[in-house]
Amino acid sequence: MAALVHFDAQGRWSRTLSGEAAVGVALRGLGLSFGRWPRRELGDGSLDAVLAAYGPELDALKAQLSIRSVDRVSVKPGNPDWPALRQRFLGEHTHADAEIRYFLGGSGLFYIRVADGHLALLCEAGDWIIVPAGVRHFFDAGERPDFDALRLFSIPQGW
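At position 34 of the sequence shown (counting the first as 1) the number is 34 in the numbering used here, and the numbers step up by one without a gap.
Honestly, I wouldn't trust all of these hints.
[Claimed, not checked] Pairs of lysine to aspartate or glutamate residues, derived as EDC-like cross-links and limited to a Cα-Cα distance of at most 20 Å, are as follows:
#, residue 1, residue 2
1, K76, E143
2, K76, D146
3, K62, D44
4, K76, D116
5, K76, D8
6, K62, E92
7, K76, E20
If you're looking for bench data, these hints aren't it; they were derived computationally from the structure.
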């Protein structure tokens, strides 16, 4: 279930929205996009099988956002590279390209800078988010990460 939490400038929890519709409306008001795609069987689990399973959805995004490359990032509990990768993700940053993610499995939190604090968006399997270029944000999946996501880029070299 979609959940969006607002933290004020002092980091205090101020309000929570739940449900895809309410979260989508709130994010659209800030220039972000969020939604859900139906979860599908992924065949042999390869990137090619995932791309084939989500062909119609990906084709629509490719047409809308000039997507030129798609890759996949999967991090499971116990991954020895997670502490260093987590530090990289936790640094608030922007991109010259939109950050587009579709969660195939697991979950993570996107934190988005807003004028009066931060929003924390819980993304779970089936959720997608588009963070436009130039929007300050960061990502966390906790100390024991468990997520599998497609990353879509209009700039071929990605992040």
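Quick rundown of the hints versus the structure:
1. Taken as a hint, the K76 and E143 pair is honoured in the structure, with Cα atoms around 10 Å apart against an allowance of 20 Å.
2. Restraint check for K76 and D146: satisfied, since their Cα atoms lie roughly 4 Å apart, inside the 20 Å limit.
3. Our distance criterion of 20 Å between C-alpha atoms is broken by K62 and D44, whose separation comes to about 24 Å.
4. Between K76 and D116 the alpha-carbon distance is near 33 Å, which puts this suggested pair outside the 20 Å criterion.
5. A hinted pair counts as satisfied when its Cα atoms are at most 20 Å apart, and K76 with D8 does not qualify at roughly 31 Å.
6. Pair hint K62 plus E92 does not hold up; C-alpha atoms about 27 Å apart against a cutoff of 20 Å.
7. Between K76 and E20 the alpha-carbon distance is near 26 Å, which puts this suggested pair outside the 20 Å criterion.
Figure legend: structure checked against the earlier numbered hints; hints not met, in rising order: 3, 4, 5, 6 and 7.
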